[in-house]
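Residue numbers (my numbering), protein chains in the order written: chain L, 1 to 338; chain Y, 1 to 328; chain A, 1 to 324; chain W, 1 to 532; chain H, 1 to 310.
Read the hints as simulated data drawn from the structure, not as lab findings.
Please note that the accuracy of each hint is not assured.
[As the list claims (entries may be wrong)] With a Cα cut of at most 27 Å, we get these calculated BS3-like pairs of lysine-lysine:
{"hint": "1", "chain 1": "L", "residue 1": "Lys-267", "chain 2": "L", "residue 2": "Lys-307"}
{"hint": "2", "chain 1": "H", "residue 1": "Lys-40", "chain 2": "L", "residue 2": "Lys-62"}
{"hint": "3", "chain 1": "W", "residue 1": "Lys-343", "chain 2": "H", "residue 2": "Lys-40"}
{"hint": "4", "chain 1": "L", "residue 1": "Lys-245", "chain 2": "L", "residue 2": "Lys-267"}
{"hint": "5", "chain 1": "H", "residue 1": "Lys-292", "chain 2": "L", "residue 2": "Lys-241"}
{"hint": "6", "chain 1": "H", "residue 1": "Lys-40", "chain 2": "W", "residue 2": "Lys-334"}
{"hint": "7", "chain 1": "W", "residue 1": "Lys-260", "chain 2": "W", "residue 2": "Lys-343"}
{"hint": "8", "chain 1": "H", "residue 1": "Lys-282", "chain 2": "L", "residue 2": "Lys-62"}
{"hint": "9", "chain 1": "L", "residue 1": "Lys-62", "chain 2": "H", "residue 2": "Lys-293"}
{"hint": "10", "chain 1": "L", "residue 1": "Lys-267", "chain 2": "A", "residue 2": "Lys-36"}
{"hint": "11", "chain 1": "H", "residue 1": "Lys-40", "chain 2": "L", "residue 2": "Lys-77"}
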Amino acid sequence: MSQQSALLQVNNLCVDYITDAGDVRAVSDVSFEIAPGEVFGLAGESGCGKSTVAFSISRLHKPPAFISEGEVLFDGKDVLAFSDQELQAFRWAQCSMVFQSAMNSLNPVLRVEEQFCDVLMAHEDISRAQAISRAKELLNIVDIHPDRLRDYPHQFSGGMRQRLVIAITLALKPKLIVMDEPTTALDVVVQREILQKIYQLKEQFGFSILFITHDLSLMVEFCDRIGIMYAGELVEVAPAKSIFKQPLHPYTYGLGQSFPPMLGPKKRLEGIPGHPLNLLEVPEGCRFQSRCEFKHARCERVATSLKELQHQHWAACHRHDSALAPITAEEVSLCKQQ
Amino acid sequence: MGFILRRLFFYLAAFMVAVVINFMLPRLMPGDPVTAMLGGRGAMMTYDQIEALRQTFGFVDGPLIQQFFSYVSSVFQGDLGTSVQSFPETVSTILGRAFGWTLFLTGAGTLLAFIVGSLLGILAAWNRGGWFDSIVSPLSLILQATPQLVFGLLFMFVFGVTLQWLPSGYAFSPELTPEFSWLFISDVAAHAILPVFTVFIVQLGGFLIPMRNNMINLLNEDYITMGKAKGLSQLRVMLNYGARNAVLPSVTSLSMALGMVIGGAMVVEVIFNYPGLGTVLYNAILARDYQLIQGQLLVMTLFMLFFNFMADILYLFLDPRLKHGGSA
Amino acid sequence: MQTAIIEANNIVKDFEISRQGLQRKSMRALNDVSFKLHKGRALAIVGESGSGKSTVAKIVAKMHKANAGQVLFNQRDINEFKGRKAELEYRSNVQMVFQDPFGSLNPVHTIFHHVARPLLLHNKFSKHELRDKVEFILEQVGLNPASETAQKYPHQLSGGQRQRVNIARNLAVGAQVMLADEPTSMLDVSIRLGILNLMEEMKSEQDLAMMYITHDIATARYLAEDIGVMYVGHMLEWGDTDEVIHHPQHPYTQLLVSAVPNPEQSIHGGTLAEERGEIPLWTPHSRGCPFAGRCKHVSEQCRQQLPPVVALSERHFVRCFLHS
Amino acid sequence: DSLAAERSELTLVAEQRTAWDRNFNPYLTANKRATTFQFIYEPLVVFNALKGNQAHYRLATAHEFSDDLKTIRFTIRDGVKWSDGEQFSAKDVLYSFEQIKKDPVLDTQALADRIESVSIEGENVVAIKLKNVDTTIANKIVRVPIVPQHIWSQIDSPTTFKNETPVGTGPFTEIDSFTAQLYVQCANPHYYDAENLDIDCLKMPQIATNDQLLAAAIKGELDWTSSFIPDIDRVLISANPSYNYWYPAAGSASFLVNFKSPNPGNREAFNDINFRRAFSMTVDRQAVVDIAGYGYWSTNQYASGLGEQFASWNNPQVDAEFGQYNRYDLEGAKQLLSDAGYKDTDGDGFLNTPSGAEISFKVIVPNGWSDFVSTAQIGVEGLQELGVDASVSTPEFVTLTENMKSADFDAAFTNYFGGATPYRYFQTGFHSSMADKDRFGAHHYADPELDSLIDSFTKTADSAEQVKIMQDIQYRIGANQTTIPTMSTVYLYQFNDKRFSGWFSEANPQAVPVVWPDQPERLLHVLALKPR
Amino acid sequence: MNFLKLLLGNRKASIGLVIVLFFVVLSVAAPLFSDYSPTKRVSRPHQSPSAEHIMGTTRMGRDVFAQLAYGGRTSLAVGFGAGALVIVLAIGFGITAGYFGGVVDEVLSSMMNIMLVIPQLPLLMVLAAFIGEASPLVIAIIIGCTSWAWSARVIRAQTMAIREKEFVSAAQVLGEPAWRIILVEILPNLISIIGAAFIGAVIYSIMLEATLEFLGLGDPTAVTWGIMLYNMSNTSAILIGAWWEVIAPCIAIAMVGAGLALMNFAVDEIANPALRSHTGLKRWKLKQAQRKKILEAGKQSLAKQQQVPL
Ligand SMILES: Nc1ncnc2c1ncn2[C@@H]1O[C@H](COP(=O)(O)OP(=O)(O)OP(=O)(O)O)[C@@H](O)[C@H]1O
Ligand SMILES: Nc1ncnc2c1ncn2[C@@H]1O[C@H](COP(=O)(O)OP(=O)(O)OP(=O)(O)O)[C@@H](O)[C@H]1O
Ligand SMILES: [Mg+2]
Ligand SMILES: [Mg+2]
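The shape of chain L in the complex, shown without the other chains (with noise of 0.2 Å):
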């Protein structure tokens, strides 16, 4: 993790929701960075604050979300600190964004033509015509025939509108994108298709990518470098087979065992006991230690902070306080009897 290379450079990250029952920090004391190139992902549960994050990247939150610290530097400058106009011409030029669900993204009162041109040529200085021309050029990088770009957003099915976005996000050749549940409105085909899109075309470009998603095997497939975010903060983060083999955070392990398998022989899995955590809430010490099978007092009290166990490997648990050994399967089963 040398400072240096990294691309993207959150740290300390805190943002608040002020809402009339009182603030909730729904991001709390989140660091991490991304090199260029990378693929790094960003899972949990819902409502941990992933899209909180990716939001703060280009500063797009809205009331009542508020940045209250911390910095987001992007190439060695903070975001956070940029004017309106230096922001302005750092979106999308600098880190684009995919959100949630291509069906919404798209604004359905505008020829996707106008939708592409406006961005061109807000960031360029560049006529109508040449906009036109290189939004074709994007069309058929995400195969996408040219001559429809004079249709509406809903003439087009669900993936193709998601390739669209990507077209769109691609416009500036950004050096990150943001991928904010790219696929979760999508069917697995289609979302197969679409991931592996982005890969070509990050191979292609070079770009970085945050992925969030709250497909675990998806994420694996997918990133080099996954956090793993539990109630506002990150848990774990390491690259993303370590991630998958040896989970160092319960709350890891616990998300793991979630998905069954497709292979070998079916067992009970038990998922993760308990409820999300709610923010209006928050415990002394650990968050976790509600649903964690392996709480002991400490956790009740101390709060829990990033260390890096293993090599490139974080965790934030009391647990490895002492020993490192990642969680098994055998040590759950014992805790559980106790």
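Fit chains Y, A, W and H with the ligands to the supplied structure of chain L, relying on the hints for placement.
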């Protein structure tokens, strides 16, 4: 174009219903127009004379169904009968003369309300919770909940009578003859200010609030966020991404609003002695000029249908999902 | 194996999708679909969105009426359950769990209402026993403490808890057949298994016949003994779950299984080999195999006629000319 | 503009409408312009009601009844020309009377049935032979428009003809300009009496409501109006002192009860003279005049309802005997009723008839006649003070007329005809043959003796006898309290002194000064005006 | 009841409610507030406001305040009565069309749409004129019978949306009869929309009644705000300068309208939380402003530092 066809079919049906209502109403009512018209002089008239008058005014006797068909056939020939009060003027002539003024008054007032209301609505939504929103939005709603009659009387009283800043009657100064000259047009405009403003102010909330609410809902849509993420200017996101979509439901209410305004403008016309359909109807009602009343209701319905049709077309133009066979 | 409690034979279902004047256009949502449900077993139905999975369940739940074919409940045509009483009798045996835990509970009523209504409606319990029974059922589905939960409104529960209430309603009716339409697709990954496990328990303990609709093949394998793969209103392959998933015979099943995320491999490990065609809109006039447009083994025959059902084994069927 | 300033234009409001239609057909009742009669079509004679029906000869130079009173002869003026230059002659007059016989619609005065024949005798005498004797008929005959034969004989359908460029014998025949909001009608180039005419044009701005009229008047835009202006001293005169007004008395208006009321209790009360007198005594006539009439009206305490207009016909004996019942006297009314046996027997807070029947009635007034509604409300207030269950109801005019004609109502407030003599008032209001003809005789009280008295009036041309008849009529009605006289209305008339002089006024009471078209005297008025 | 609590918790709604309640109390308890009868002459005509007649008198010498208070009874009764009729009809038509769909819906929606394109006020005027001497009750009934279409359409749309909710399907599968589904499952979910429609209908009815009566189509002997306006205009109060007679009913109508409108605004916010501008938003704006300040200060100091020559 199935959409348009469907609408046209509906309009025809609506029009027929209006025709039936129109036909039935006066026939359900007591008294007859000739007696009403003759008023105090009835004593001097012989039965023959009243009958003769009845004939001249075109009252058909005979079975109801026969009356109905003769009514329908004349309606479709554009013959709405003869006004009793303005005999021998035909209803069509009278309405034709007034039609343009009402079109102008309601059109200008509502269009203005639509444009200004929508813009203010967008601004209010964009700065939701700010001072602008928390003053303008409830205020416009309050204005909307106040009868046009109140504003009409108030404006008339303040600007027309007390301050005498603006003319408080007529469509143009009586001395002028209608012509296409700057003098005449500016005169018409001056005379239109108070009534148009009355129509405008009451309509404002009707467009502002829905626009604001639509827009607030829309601001949570992904494509708005995407617009912002694309680094487009605020204005562009606000108009091209927000307003373009938020305006759609408003277009529907535009056509509805016109319905209200046609009724409302009536009161305004009466208050400001504006020579539109409203004044005609009002006087026709006072004079119990049944033929004129009937024709009027029909024309007003046509008016509504026309505006609805315009709104449909506008909708089609604004929402591509309709044109291309989507379902919206 | 004992006789099926639900047996669907050759169901066809058309929906009117648009009408222009007198001209009606319809689509065929289900075409010649047959399956059986057995007590103590689950049938998973998988397929992409719009393939007709929910329609199958809705026909069995008598929310839609099939245009052709028949559904038998204990050998009786379900259309024979006519009139208020007979219909209630059928409904007390066949119940459904819906996809959306937020939408399937009425926000204005308490949990108590939701569980008590089926009890009252199907005369399962008298009024004074009601409270105890409701609480008993809520405990059964793991909603502890039951008396407290009963007083709550849906919005005061988490998604998983709500789905448990939905299952509790099924228990309250005492149905023998449970049709679960994507019961976990809107739930958090960490909670999904809890619900699946609860369904599994009910299936084995209460000897329920279950239909489990999902697009997640992995959970289908986890819960169901049998699986049916649907594509554009057709059941293209069905049979024993492991058999179908591990040895898919239909090109579509093969494509589907290969697309399932697999942490053991990388996404760039290969591309899906099939040529991407549009998913067709199936109408009563459409002909051939619905997958023909995307199938790499397509032949002229596939475009002309619907392949017949081929029994590969006693518990594995496929609808493909490759096997006939 | 300078041109307009040079010619003298008299601005008048002779009708209130929302738009002008160019229509000068004198036969149309509804929509001819109000400047058609008299100003375009000069009458034969103008009878001056204010001066005891004095005749001002116009197109005729004399008129007289034959001895049997069955023929009336008009001598036609020589040297009159139509405004297109054609000669006017007795033939045109004859033609005009033939016109009204042709089509009942043209017969706006309902004369066709009463005229036997019309003929020309000699050069210039038109003789009209009547079917029955009627000495009051000349008033009607002179209201028949005299039209040019050479024009109208070309018209196929006189009932729909709009006569946009009229040809007449009157002072203002030339339509100078015409829009829906304003028209100007200028002098007849061939007017026979041009030397008496000092005004060049009439200007008719379109005005729809009294409020608009008032606004224009305050600005000094109008010269001659006859509209209702509330609180005129404060609102108009103080704002524009060049305005004046004169409100001479006009017809009377009364409450009336239906002797044939469908409700037995009410009928019993209404047929009791004590009740009618008590009713009359509860009407606060002064309040009616002050409030409903803005002080313009005058109280009507003539027991017969004769009214100020016909003061010269008054029978003082009537007032001496029955006047006490026609003055506001609540206590007296209460006394009268309790003496007659009216008590609240059923304890509902309202009086019952001596036989114990329920009295409960509505006073009907036409919808929209707001001064009458106010009057009725004041009357009802008095009845309620008296303990009578009465209220006001405002049905549609048509409904009201039907109900009154068919005796399907209890009580009403109604106005009456005026005229040159009280004849028309008594004939339409009290002759039993009129009871089901219109709302005026709707008390449905039949008195054969009264009928014959009324009838005898038209059978004589002797004015002393006529006065005697009238006095007898008054006595019969007063003694019976057939009606409950309330007030006399007025002729509304305002004028602007600034641009013209010669206005009729209280100081110069030449004739009824009203500008409305049914007032032929306005021709005399316009001829009397001089530009300043 | 939740709904009521929410309503009371909203500032706009509370203000609106207070205004409306004020007028309700004023008119219901009119005899407590005014010793004068609204239909009796109690003074000289057109007296300007004084201690004795706090809002002056009319041409008829009646007390304006008494008329305002008593007139409120009828005007509000017509408003709420017609509003109730509108809402009952709208619920009937809207829910039936929305729930049953198909042909039923087609027929009922066509009826609604046709009602909507026939201009309201003119139709009402014609009806009122034809019926003649339209008493407030008659006016309320004809308003009710001709104004339901818009609300019905809104309710229909919402019913259709709710009908698609799975809890309705669940109730159907459970075997609940249609009437129970409509009344117990769907109707309670429509409360806020019905509330909004009802308030809207009340506003509309009050306005319409006043307008009709002002135009002279009502019963002039009734005491209502509309008739006050009618009498005012009949007696040229504006020109005479009897402003009190003009202002009093105008303000009353406008205030009640405003109060109801505020309540409606609040109902909208309650039904759609996204519309609420909560206190959190204020704090957010405050924080954002602070942050901007700090940032700018930081930049300035940075710029200054750079200017310092080394
Ligand atoms: N507008 C809001 N007001 C209040 N709290 C909010 C708001 N938006 C999000 N939150 C809270 O912030 C937390 C994080 O939300 P976020 O959308 O980042 O989650 P996520 O991980 O992206 O979830 P998902 O997988 O469902 O998209 C959640 O607990 C949520 O309750
Ligand atoms: N009521 C209906 N009217 C018309 N078409 C319908 C109706 N219900 C379903 N359809 C159509 O039938 C087809 C099958 O729908 P169905 O809901 O059964 O799909 P599904 O497999 O359950 O999809 P999903 O996974 O999205 O739930 C779809 O194309 C759908 O559009
Ligand atoms: Mg998210
Ligand atoms: Mg489905």
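Hints, verified against the model:
1. L:Lys-267 - L:Lys-307: violated, 33 Å
2. H:Lys-40 - L:Lys-62: Status violated; Cα separation ~63 Å.
3. W:Lys-343 - H:Lys-40: Roughly 24 Å between the alpha carbons, so the hint for Lys-343 of chain W and Lys-40 of chain H holds.
4. L:Lys-245 - L:Lys-267: holds, 18 Å
5. H:Lys-292 - L:Lys-241: violated, 42 Å
6. H:Lys-40 - W:Lys-334: Given pair Lys-40 of chain H, Lys-334 of chain W holds - Cα atoms ~20 Å apart, limit 27 Å.
7. W:Lys-260 - W:Lys-343: holds, 23 Å
8. H:Lys-282 - L:Lys-62: holds, 13 Å
9. L:Lys-62 - H:Lys-293: holds, 18 Å
10. L:Lys-267 - A:Lys-36: Holds: Lys-267 of chain L and Lys-36 of chain A sit about 25 Å apart, inside 27 Å.
11. H:Lys-40 - L:Lys-77: violated, 83 Å
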